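**Q** Residue numbers (this note's numbering), protein chains in the order written: chain A, 1 to 539; chain B, 1 to 516; chain C, 1 to 397.
It is possible that part of the hints are untrue.
To be verified - Label pairs and their in silico Cβ distance ranges:
| # | chain 1 | residue 1 | chain 2 | residue 2 | range |
| --- | --- | --- | --- | --- | --- |
| 1 | A | R69 | B | G161 | 38 to 46 Å |
| 2 | B | G161 | A | Q458 | 40 to 48 Å |
| 3 | A | D378 | B | E48 | 33 to 41 Å |
| 4 | B | D267 | C | Y329 | 46 to 54 Å |
| 5 | C | D305 | B | R318 | 48 to 56 Å |
| 6 | A | V133 | B | E428 | 48 to 56 Å |
| 7 | A | D378 | B | A441 | 35 to 43 Å |
| 8 | C | R10 | A | P528 | 53 to 61 Å |
| 9 | B | R318 | C | P71 | 20 to 28 Å |
| 10 | C | K176 | B | D267 | 55 to 63 Å |
Claimed, not checked - Simulated crosslink set (DSS-like; lysine-lysine; CA at most 25 Å straight-line):
| # | chain 1 | residue 1 | chain 2 | residue 2 |
| --- | --- | --- | --- | --- |
| 11 | B | K123 | B | K156 |
| 12 | C | K298 | C | K257 |
| 13 | A | K169 | B | K162 |
| 14 | A | K161 | B | K123 |
| 15 | B | K162 | A | K494 |
The hints are simulated quantities; they were obtained by calculation from the structure and are not laboratory data. Predicted model only: the values in this text are computed from it and were never measured. All residues carry an ideal CB built from backbone N, CA and C; glycine is no exception.
Take a look at the letters that make up each chain.
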Amino acid sequence: MSQYDAIIIGAGHNGLTNAAYLAKAGLNVLVVEKNDYIGGAAVSRELHEGWVYSNCSYVCSMMRQSLHRDLDLSRHGLMLVPYLGTVNFADNGDTLLSYHSEAAAYNELKRISRHDADAMFRIQTDLTRYSQVIRKTLLRTPPDPTSFKPRDIHELLFLAKEFWSLGEKELYEYIRFFTLSAADFLDEYFETDIVKTSMAGAGIIGTALGVYSPGSSYILLHHVMGDVDGSIGAWGLARGGMGAISNAIASALQSYGGEIRTNAPVERILVKDGKASGVALSNGDVLNADIIVSNLDARRTFTQIMEKEDLPPGIYEKAANYKIRGSSGKVNIALSGLPKFNNVPDNPYVNRGGQAFSGSLETMERAYDCWKRGTWSDDPFIEGVIPSAWDPTVAPPGMHWMSNFIQYCPPELADGPWTEEKRDQFGQTVIDKIERYSPGFKDLIVHMEVRTPWEIEQEVGLTEGNIFQGELTIDQLLFNRPFPGYAQYRMPVKNMYMCGSSTHPGGGVSSACGANAAREILMDLRRPNTVPEDDCYDE
Amino acid sequence: MAVNHYDTIVIGAGHNGLVCASYLARNGKRVLVLEAADVCGGLAATHEFHPGFNACVAQYASHLPRRIVEDLKLADYGYQPGRLDLIGLSPGATPLRLSDANLNGAASADLEAYRDYHRLVDKLAQMFQPFWQKTVPPIGNNSLPEILAFAQLGFKIRTLGKEDMQEFFRIIALPMYDLLDEYVSSPLLKAMLSWDGLIGTKQAPRSPNNSVLHLLYRLQGSADVCVNVPGLVNALSGAAEAAGVEIRTGAPVARIQIEATPGQTSDVTQLAATGVVLENGEQITASQVISNADPKTTFLTLAGAEYLDIEFTNRIARYRDRGMVSKLHLALDGLPAFSGVENPDGRLLLAPDVETIEWAYDNAKYGELPEQPVMELMVPSLHNTELAPAGQHVLSANIMYTPFEVRDGGWTETSRAALLESALTVLEAYAPSIRSQVLGAQLLTPQDLENTYRVSGGHWHHGDFALDQLIMMRPTHGAAQYTTPISGLMLCGAGTHPAGDLTGLPGFNAAREALK
Amino acid sequence: MSSFDLAGERPKPSHFQPRLDEFNLHEAWSTWNGYKFAEYYYEVEFEYFCVRNLCGTYDISPMQKYIISGPDAEAMLDRMVTRNVKKMKENRVSYVLWCTNEGRVIDDGTIFRLGPDEFMLTCGSPSTAWLKKSCVGFDDLTIRDRSDDLAGLSLQGPTSCAVLKKMGLAGIENAKPFTIHYFEFGGAKLMVSRTGFSGDLGYELWIDAEHALSLWDAVYAAGKDYGIHPYGEQATNMLRLEAGFIMPGYEFNEALKTVNFQYDQTPYELNLGWMVDLKKPHFNGRNALIQEAQRGPKYTLTRLDIEGNKPADGSFIYNSKKCKTDIGYVTSAMWSPVVKANIALAMIETKYLGGELWAEISYEKELRQYYKVARCSAQDAPFWTPERAKLTPPADV
């Protein structure tokens with residue numbers, strides 16, 4: 001007799017979403033979490049008194065609004081607020097501001113280049129078009145192209161129909177988009193490096209590719225296809241930090257009767273007669289359940305908490321070969337005031353957005369070259385955001401916290417593993433670079449948390465600290481995610497599922513992976529589906 | 001019709017032009033091939049680079065389809081297939097020799113892994129093989145040929161079986177680095193196996209999406225390899241002339257004549273190619289003009305943007321065809337001695353590991369010269385004794401990666417000397433006495449190749465081997481079925497499906513379309 | 001807020017801004033291409049009648065103006081637009097439109113032939129990127145973007161010729177429609193074209209930006225006795241609808257900014273087939289447009305005279321009073337004060353054009369919402385085509 005209908009391993013936002021939908025459908029569910037707090041990488045933590053850091057993920061655009069509405073997350077305390085444009089800092093000291101009003105944005109671009117100001121209309125149109133198609137796949141289970149099941153054929157035809165509806169010319173352009181490098185893609189639109197650079201950051205964030213690597217234009221799309229209230233490409237902050245998302249989902253889960261146990265690291269997924277039957281916790285507790293769902297990444301699930309003998313042949317190797325590369329660092333800083341940046345007007349709208357210290361395409365690519373060589377660039381790409389300019393709950397009044405995301409940071413250095421000393425050097429590199437664009441910045445620093453991929457892996461459990469739970473390259477997208485043949489959330493051991501970002505549609509705080517997995521589980525249990533299959537847009 | 005009127009004019013006597021012309025002539029067409037240079041062959045033409053020493057830019061033909069050899073009876077005109085091993089060298093390590101499926105010199109774990117690897121890529125290469133000899137219809141217009149072609153491809157993929165099919169979908173976009181990491185462990189073997197996915201194009205071991213397909217393309221053929229390129233060119237031109245093709249060398253085309261002609265289906269006129277004008281002003285008319293020149297040259301220089309649509313013109317202009325390979329020919333006073341290699345009769349790869357390849361690429365992507373170039377070289381005089389005086393030899397090397405345009409100043413005497421020096425330094429590490437053997441050297445940068453051979457970007461393949469420039473998108477949609485937006489103007493060069501290397505397939509496919 | 005630096009947030013001032021500010025009593029501003037631009041100055045209908053009855057000025061400075069010159073300029077433009085540029089004479093203006101490769105309308109505008117190798121292209125939206133693309137393969141030309149340094153003032157209405165005469169532009173009365181003339185003005189070169197967007201007699205005045213204010217003052221000094229007044233975007237929209245002119249955002253989506261497949265329009269759909277010169281050997285989109293011409297457009301933009309007086313904005317068009325099958329939609333609609341008719345432009349499926357046309361019009365009466373079904377009749381000619389618009393020399397009033 002099982003204690004639970006389902007146990008979900010890992011209280012990240014996807015695990016909680018999955019559990020919430022199972023509980024909503026009437027299942028008796030338990031979420032086990034190794035840390036003493038929930039949220040995984042969607043978390044808010046008071047690491048310095050008075051400052052609440054979203055110390056992993058920091059902004060959000062992909063949260064599916066139909067899930068938000070369906071789980072009634074607003075009632076559970078979630079509010080997503082779009083933030084205004086980002087300032088882009090170039091190597092030559094110039095800045096490109098992204099204004100909210102179309103006229104101002106146009107004039108700012110025109111200051112740089114008339115051509116690029118015009119081309120911006122074109123690229124926004126194209127990105128919107130491409131996003132529309134791909135967004136329709138987010139809340140759907142990928143078809144298995146090797147299968148003849150009616151559902152798989154139906155889904156394949158759905159995909160084909162959606163793509164074909166683009167029309168002949170755009171179909172070709174779309175193929176180009178999936179295969180090109182971000183730099184080549186942007187070259188087709190823009191003349192000036194600063195405008196290209198302002199968009200290229202989206203092509204490398206979180207990935208072990210460079211702006212010149214084929215495939216990075218898809219990463220760019222993955223970052224712009226999200227939206228806030230239908231405005232494609234917009235990014236939002238969660239009031240209270242990213243943990244507010246996880247907390248709201250957890251609250252929804254609890255309202256449906258679900259249970260969460262923190263400080264409960266899973267040692268093993270127990271398999272009996274080829275079926276997952278429960279989990280053994282590291283404190284020795286054994287919990288039985290009819291269904292086990294792993295929200296951990298594919299590598300960790302199959303190589304860390306499962307016995308190789310419990311798996312069909314080849315799965316362990318697939319997991320070991322799964323591309324999940326640490327490439328990003330994070331520096332969270334508590335500030336005693338709002339920093340001033342060179343060549344940025346004192347404008348309350350602009351200062352409520354982000355700061356992208358991108359330099360130039362070449363600077364970004366050279367940072368990637370460093371990563372390939374197992375080191376970090378002394379001129380890395382930094383995406384900063386100051387959420388406290390918008391959110392009164394994350395820093396004391398008049399004080400601020402700044403999130404800095406750094407691309408690239410290797411999971412392991414060429415000359416050995418990370419040490420505290422090297423981590424601090426890395427942090428120093430980051431604030432040195434910001435200081436260059438914001439003289440006096442360092443004097444504002446009250447507290448600072450530096451996170452290399454190693455820290456992220458240790459704390460959050462993401463292998464190598466990869467923020468997407470696996471690279472978003474064609475070999476690991478759609479029906480290839482995480483492995484071909486296992487893209488429909490069911491795993492090679494019976495009664496076992498995956499619901500993390502290692503599954504379709506991949507990384508980003510979208511809750512889509514968890515929701516899709518719940519849909520498949522309910523289908524296997526022959527229960528009515530309670531998971532939305534589409535986003536609530538009329539297009 | 002005027003006496004001087006041809007059914008077809010083929011611009012360029014490169015191998016694809018000759019193949020295309022031969023098939024047309026064999027089907028009763030009156031065909032004229034116009035070649036700018038004084039000899040046939042294009043990038044495969046032989047030239048004397050040092051008194052008594054001859055070489056050609058193209059080194060070998062690894063996947064010339066048997067069908068073309070047989071159809072054109074190339075054997076009757078002196079064509080002889082041979083064998084060509086890939087020999088991987090690494091300083092201080094035993095060389096590895098790869099001849100087709102056989103690997104010599106590797107550790108046993110790698111041998112086993114290589115067998116698995118070879119089984120998979122060979123199976124996939126065989127699956128793709130028929131599609132290189134087909135015209136791939138355009139997508140998105142729901143035509144019958146489109147549905148049939150893709151249904152056939154879908155069927156082919158399904159017949160792989162579930163597991164290989166899944167593997168196909170996964171590995172097709174992998175970088176060589178990742179693919180080989182999954183199989184073998186020897187750094188040298190990884191470098192060797194990645195090479196055929198990278199050569200000649202803007203791809204490094206860690207670049208995703210394009211290399212595996214490139215590899216499958218190069219693995220399509222049998223084990224037969226043509227190692228005597230001058231012999232192949234002679235056979236092709238011999239076969240063409242025997243079929244009745246008229247070849248005029250030293251006849252550069254200035255432009256393609258395009259005129260408004262009465263339309264077929266309505267009273268509005270349509271543009272049609274009606275002949276060519278030579279650089280000397282001579283006009284030659286034809287019912288059909290087929291260009292073996294690269295897409296940029298064909299459309300932007302020979303035809304002209306005013307006859308083309310704007311987006312089409314731009315797609316051609318942004319077509320990525322900047323070559324990254326330089327060519328080094330050395331005249332040697334004897335056979336070069338490579339450490340550990342008894343007989344340098346294969347392709348010698350001077351790239352000890354994938355990192356060295358990657359770092360060379362990293363230099364070139366910024367327009368810098370590679371600090372440590374990687375090279376694939378051959379001693380063609382071992383396969384054709386006429387190339388060098390008796391007892392002496394020609395060494396022919398492909399140097400990767402070299403930028404088309406060197407940053408800050410371009411290709412100058414200084415930068416050329418620097419590249420030559422670093423190439424010789426690399427060579428010396430493998431063949432210590434080589435410097436003393438050199439009688440003469442010729443370095444052809446991508447820019448030299450562009451100028452000498454009239455090929456945009458000096459790109460061997462007439463354009464990068466990248467998914468967005470392949471199959472129904474090579475060179476771009478609207479011109480990927482050998483026809484072009486201008487009636488009567490067709491393409492038959494490596495800038496069309498399937499792509500570059502000495503395969504004759506673009507010429508073969510174009511001829512079939514031209515006869516429709 | 002005053003301590004903040006918000007300069008970048010504000011729209012740019014027009015070259016006529018100080019004068020426009022004086023007239024714009026309600027601060028009714030919007031923006032056009034990053035410039036401050038009046039919705040209206042005093043009141044829409046007043047401004048509309050100024051133009052129909054007296055004369056009015058419209059600030060066309062934010063319009064995009066490109067000077068294209070060089071030996072390849074003619075060939076480049078001829079390949080870009082659907083009309084024949086090679087046949088254009090010097091000092092003539094031609095209304096043109098240009099299409100994508102698929103034959104969908106990117107934008108419309110005017111080409112001024114300034115000389116054998118010199119042209120000015122004007123249009124409503126920035127076109128730098130498309131022009132750059134159009135120039136690939138045409139090396140011997142330069143493009144100078146004069147959008148920011150060439151001021152433009154449109155003077156429209158029955159008294160406009162008299163005003164210009166009074167201003168001292170000798171011989172302006174002999175200017176025929178679509179011609180260009182030059183005058184010396186305060187040491188600067190003033191270009192005047194007999195063109196406009198009102199369907200009435202009118203001129204457009206072009207001058208280097210630094211002379212913009214003195215030009216304004218001269219025009220207004222001369223126009224004082226002829227009822228001159230500035231008019232804004234809203235009045236323009238009424239004037240152009242009566243004249244049957246199309247507007248982006250109403251009748252057509254600029255193709256390069258259209259997200260969905262074929263949600264943009266072909267010239268044939270816009271009833272502008274007469275502007276497509278298929279006799280030209282080649283121009284962009286020609287192949288697609290030949291097919292469209294043979295097949296016939298799916299929709300046709302149609303002028304409608306609708307019974308009753310309720311403007312049919314946003315209405316569906318049906319083929320019967322029962323409103324079962326919708327066959328089109330209204331793109332612009334208004335009550336025409338001069339014609340005293342309820343007029344509209346509508347996109348209607350071509351195959352239904354011969355039959356009955358009914359519009360389902362929703363309207364409000366003191367907050368209550370109603371709808372009615374009104375009979376529509378298709379009109380061949382524009383609703384407003386006064387004789388004086390074409391007359392040379394025109395009358396003074």
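**Q** Run every hint past the structure and note whether it holds.
**A** Evaluated hints:
A C-beta distance of roughly 44 Å is found between R69(A) and G161(B), which places it inside the suggested range of 38 to 46 Å. The supplied range of 40 to 48 Å is met by G161(B) and Q458(A), whose beta-carbon atoms lie about 42 Å from each other. The supplied range of 33 to 41 Å is broken by D378(A) and E48(B), whose beta-carbon atoms lie about 51 Å from each other. At about 34 Å, the beta-carbon gap between D267(B) and Y329(C) misses the expected band of 46 to 54 Å.
Between D305(C) and R318(B) the CB atoms are about 50 Å apart, so this pair conforms to the stated range of 48 to 56 Å. For the pair V133(A) and E428(B), the supplied restraint of 48 to 56 Å holds, since their beta-carbon distance comes to about 55 Å. About 40 Å separates the C-beta atoms of D378(A) and A441(B), a value consistent with the hinted range of 35 to 43 Å. For the hinted restraint 53 to 61 Å between R10(C) and P528(A), the CB-CB distance of approximately 56 Å keeps it satisfied.
The supplied range of 20 to 28 Å is met by R318(B) and P71(C), whose beta-carbon atoms lie about 25 Å from each other. For the pair K176(C) and D267(B), the supplied restraint of 55 to 63 Å is violated, since their beta-carbon distance comes to about 33 Å. Restraint check for K123(B) and K156(B): satisfied, since their Cα atoms lie roughly 11 Å apart, inside the 25 Å limit. Distance hint between K298(C) and K257(C) is fulfilled; the C-alpha atoms sit about 21 Å from each other, no more than 25 Å.
With a CA separation close to 32 Å, the supplied pair K169(A) and K162(B) exceeds the 25 Å bound. Between the alpha carbons of K161(A) and K123(B) the distance comes to roughly 31 Å, so the proposed pair goes past 25 Å and is violated. For a cut-off of 25 Å, the pair hint linking K162(B) to K494(A) stands: about 20 Å separates their Cα positions.
In terms of the numbered hints stated before, the structure departs from hints 3, 4, 10, 13, 14, listed from lowest to highest.
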